[in-house]
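Peer 1: First to last, the sequence lines map onto chains A and B.
Start counting the first sequence at 1; every next residue gets the next number (the working numbering).
Start counting the second sequence at 1; every next residue gets the next number (the working numbering).
Keep in mind that the hints are not guaranteed to be accurate.
[Stated by the list, open to error] Coverage of chain B stretches by chain A, computed from C-beta distances (three or more under 8 Å per stretch; other residues unrestricted): (1) 183-192; (2) 206-216; (3) 250-258.
[To be verified] Pairs of lysine-lysine, DSBU-like flavour, derived with a Cα cap of 35 Å: (4) B/Lys313 to A/Lys260; (5) A/Lys203 to B/Lys261; (6) A/Lys88 to A/Lys133; (7) B/Lys119 to B/Lys35; (8) B/Lys77 to A/Lys260; (9) B/Lys128 to B/Lys77; (10) B/Lys261 to A/Lys33; (11) B/Lys261 to A/Lys133; (12) A/Lys201 to B/Lys77; (13) A/Lys272 to B/Lys77.
The set of hints was computed from the structure by calculation and includes no laboratory data.
Quick caveat, the model's predicted, so the values are computed rather than measured.
The beta-carbon is built from N, C-alpha and C at its ideal position, and this holds for glycine as well.
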Amino acid sequence: MADNILEIHDLAVEYHTDDEIVYAVNGINLVVKQGETLGLVGETGAGKTTIARAVLRILQTPPAKVRSGQILFHDQDIMKLSESEMRKIRGNKIAMIFQDPMTALNPIETVGFQIAEAIGLHNKMSRMEAELKGCEMLEMVGIPMERFGEYPHQFSGGMKQRVVIAMALACNPELLLADEPTTALDVTIQAQVLEMMESLKEKLGTSVIMITHDLGVVASSCDSVAVTYAGEIVEYGTTLEVFEETAHPYTMGLFGSLPKVDSDEPRLRPIKGLMPDPTNLPSGCRFCERCPDAMDVCAERPPDMVEISTGHFVKCFKAGVSVE
Amino acid sequence: MSALLEVKNLRKYFKNKAGMLHAVDDVTFTLEAGKTLGVVGESGCGKTTLGRTVLHVIEPTSGDISFEGSDISNPTKKELKHMREQMQLIFQDPYSSLNPRMSVSETIMEPLILQGKLKKAEIRAETKKLMDTVGLAERFENSYPHELDGGRRQRIGIARALSLQPKFIVCDEPVSALDVSIQAQIINLMLDLQEARGLAYMFVTHDLSVVKYISDDIMVMYLGQMVEKAASDELFRNPRHPYTQALLSAIPSLDVRNKKKRIIMQGEITSPINPKPGCRFMARCMYASEECGSPQILEEDAPNHFVACCKYKTMTQN
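Just chain A, with the same shape it has in the complex (with noise of 0.2 Å):
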């Protein structure tokens, strides 16, 4: 257990409107290594920022109201922490990259003011020293420390998302929650944001949550993989695995949907349909209506979570039977 830097138990969040409640996350567990990238991939709508924040604790209270579940980070469960004893986690141990660059800092701080606040928190010294530091951060992620005094206008997207990163690593996390890092940028930046991302996870040997729809940055930048489709983990295992012997139909339908730079397929095999409406889950499997292989049974009751080879997990019916 010691080496599980963070672990989630059947951990359900849902939202509540006025006349309608969503259900986000619906029972997922999840484990997180010393020191491993882990991906969690998934369209938009199937839980992947919900459970990141829920991680963070920065879900906001109401609407969203975790059900169940338990979060532990080091042992420890997240959710029985005080909101004071959180502070000291958040931003220090457990640090997240925010989706959008442009919305996620502050228009009229200077970066370097932003980068150091975050220092000045959580370690015991001076606003000199914080600056200090900050300045090396922003070295790190390879922008000149002459542009310290700058407002986030002045600086380019990519630019933008390394300050981001910048901020989340300046107090070294252990933990670090990537959502959706590259997503907004080019994909020659997020060559470079990637290739920065993997160097520093190399240097501080901090675990990561990598949580992207794009297959290909999991292929070049996760050991393990977690699939998420309607609030739920459908296959879970390395990388590797997940890749290669790929067992549930959401998981194979994602792979079809790509275009491949090097097959000369005349047409793309998308799954058919759309996800199902969160506020009115399907009672059995959710995947079942737009699965190509659904049998009587996936409409009436939800597949169970099945091993079918070490550490290789998936919740389908067809999964293991058909290996037989």
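Once you've looked at the hints, dock chain B against the given chain A.
Peer 2: This is chain B only, laid out in the frame that chain A set:
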């Protein structure tokens, strides 16, 4: 066979406080009926401006555009109206490009009403047909855009663009805002429509795997200029321009075992305002030397493979 669309030395400069912004600088290409030209490049390289300039949504600064053999560089109002029946635009963001106060059928039939050729009943029938063509169920007829998801909204945009039976459509990042499973549905729809109606597309995108998939020819743009153009397969097999090479190497691969070597470019796209005469990619290029400071000429290196770089020959020999 004469080309459907011919664009010669097209330029669009925007004047601003700091000087002249060269959004599109000397772009030349032809497009045949039923074919797709992909235009790729990073944000700010002028690919959207190029698409809009071709359609006269933005007036070009200079250059010649001809469509079906007739010159449309300086159209009169009447010519423009006729031209727009033939040439349409599909927008990037299905969330902001639809009028939130118009229902699905109103949005789709609006061009037909403006055209004024059909009677009311015919327009209604045509609208139904269009909705069916793009895979929108009839029950959405009276829905409003906010009630629909991104994929369906994009289908409305496509139906509207198709309504006047154009021959040429500029697609400006039509699938970038969509999830992969929906993206694949829309791409397949666009390919089906092309096959059935012989449409020509100019497909503007930053997503290289999508562009490879859908295009016959691909044009790579950098800071307003075309740096390379070739048939889709050829470009991916033999990229010549250092920028194209870097761009292709940056595509995240799905291969878990062989992590490919990415070419990491230093720095970022430089300013397009009053650019220096030489190669615009020079500041980020690892092969750059003194000769790159003089203007780069677009050469046809192999049949239908154009490249604007003075270094590519020595580079490929290495």
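Peer 1: Starting from the hint list further up, note which numbers the structure goes against and sort them upward.
Peer 2: 8, 12, 13
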